[in-house]
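Those protein sequence lines, which keep their order, are chains U and X. Start counting the first sequence at 1; every next residue gets the next number (the working numbering). Start counting the second sequence at 1; every next residue gets the next number (the working numbering).
These aren't lab readings, by the way, just hints derived from the structure by calculation. Note that this is a predicted model, so its numbers are computed, not measured.
Each pair may be met inside one copy or between any two copies, as identical chains are not told apart.
Quick list of in silico lysine-lysine cross-link-like pairs, DSBU-like style, CA-CA up to 30 Å:
id: 1; residue 1: K128; residue 2: K187
id: 2; residue 1: K126; residue 2: K204
id: 3; residue 1: K70; residue 2: K204
id: 4; residue 1: K29; residue 2: K47
id: 5; residue 1: K29; residue 2: K204
id: 6; residue 1: K47; residue 2: K94
id: 7; residue 1: K261; residue 2: K187
id: 8; residue 1: K187; residue 2: K126
id: 9; residue 1: K126; residue 2: K70
id: 10; residue 1: K126; residue 2: K261
id: 11; residue 1: K187; residue 2: K70
id: 12; residue 1: K261; residue 2: K128
There are 2 protein chains.
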Amino acid sequence: MNGMRNLDEESITQAVLARQSETTNPRLKEIMTSLVQHLHAFARETKLTESEWETAIEFMTDVGHMCSSKRQEFILLSDTLGLSTLVVAQNHRKPQGCTEATVFGPFHVSDAPQYELGGDVSNGMKGKPCFVSGTVTGINGEAVAGATIEVWQADQDGFYDVQNPDLEHYQGRGVLHADASGRFNFKSIVAESYPIPHDGPVGKLLEALGRHPWRPAHLHFMITAPGYERLVTHVFREGDAYLDTDVVFGVRSSLIADWIKHPPGAGPDNQHYDRDFYTLDFNFVLNPCD
Amino acid sequence: MNGMRNLDEESITQAVLARQSETTNPRLKEIMTSLVQHLHAFARETKLTESEWETAIEFMTDVGHMCSSKRQEFILLSDTLGLSTLVVAQNHRKPQGCTEATVFGPFHVSDAPQYELGGDVSNGMKGKPCFVSGTVTGINGEAVAGATIEVWQADQDGFYDVQNPDLEHYQGRGVLHADASGRFNFKSIVAESYPIPHDGPVGKLLEALGRHPWRPAHLHFMITAPGYERLVTHVFREGDAYLDTDVVFGVRSSLIADWIKHPPGAGPDNQHYDRDFYTLDFNFVLNPCD
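Isolated chain U, as found in the complex (with noise of 0.2 Å):
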């Protein structure tokens, strides 16, 4: 066992990985093999020196002190470093024909109200008014009835309700269930393209990196039903000025759709509006579980 001392920056590895040998769980193994591995190849490959060590250190203790209840920092850094695509990637290679799925982003939250169909999630959320509707169907074209459709956006200023901590109730989003045909619709406001929170160490980064924060407009949606993969994705809006250079990469040419604007008047809830508002309709194609 002398070949546990005297470990150099090419011995270590092998080492670490024989210190794990007796992991009980076949999977963990195979990660950790994984990580140990390019964790040590890029130390070895950069030739990383203490002080930045000390600095990578320090920038993960500021990321991980960044996390509360309202901020994912890590999911940020996932997300800006293009991890969260690839993983969403590799694991919905869905049938032609399905929604594509997106990144989860870090403004979800598990208990956001439910609404009537028709009802307006915005919740006094500041934006222009936006009445957007779809169906939810399978692949081969059947109403998904009742599926539960969950949708978060931010207001005109780039913030989600959950950014601003004076708020006592939640602002654009909530949940609603599609009709027997598969249809929705409900009142919201008009999604605006917004920089992710960047004053903290992963704006930091992306700065030092010369990367714009920069997120185009979106609607995120996550929908569900039995007998059906689990949708998650956005719905991007035909114009922004950041759909080619989306900060998180989350961008795909399915999910781009038109936000019509319509001149005051009569909206689809028959009620009178003194400014311009506006409709998006989509509908969304669900991969039937096996």
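Based on the hints, put chain X in the right spot on chain U.
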């Protein structure tokens, strides 16, 4: 720029690298290029699932939340995955004859108390009395007069002072200066083997990997002097049961020394001891700066 849409698990890597092409700091670019490539290769190689990704996000968040002014869980993580030993090894390829470096560990503090030579750095810490002496020289045998010697260690139960939230003063750590001939001596207690703090996420990971959390008994030293490379190292105790399975992979044969046990009687400080006491003599050889 349409290449930035519809990224898959292969094309995402080049897309992320392209986005950081404006980085003005060439070293940051080099490090982040390697990091992104290895991070992505790890996720592809393991076919990381979304639930595994979520577990990883939660793990990293837990590690971050465990970090405080008195606990550095990311250093523990780096140490236990062998990264720290790798970084130390590749940055300290010293000339033959110099004292080898080893890991820094998470328990150093920057404001340890100063002691005169011969002082008792245990400062009331529990353990068997131990008298430590030695010299600090350069590679050519020259005395390093006035070298700054920081020492820190755990108590007989394996806890550092900073792990005891009720303790109002430092114990088992101090800063001394070698005399004009490079000699130093101080009183402390005998180092004992101990488990690294394993009540947090790193402890859970070690357990899942079938690894014990123990380190062999050691004294930490950091020795600095103008004209010499800073030396961060330990002295390990011959005969310890964990010398071959140090949880942080830090043992080097050249750093193992005898702690000599003496029967009750007069100690090197000319005091009478009713119980056994120990002595340790170790000579440190510093590497001159270029």
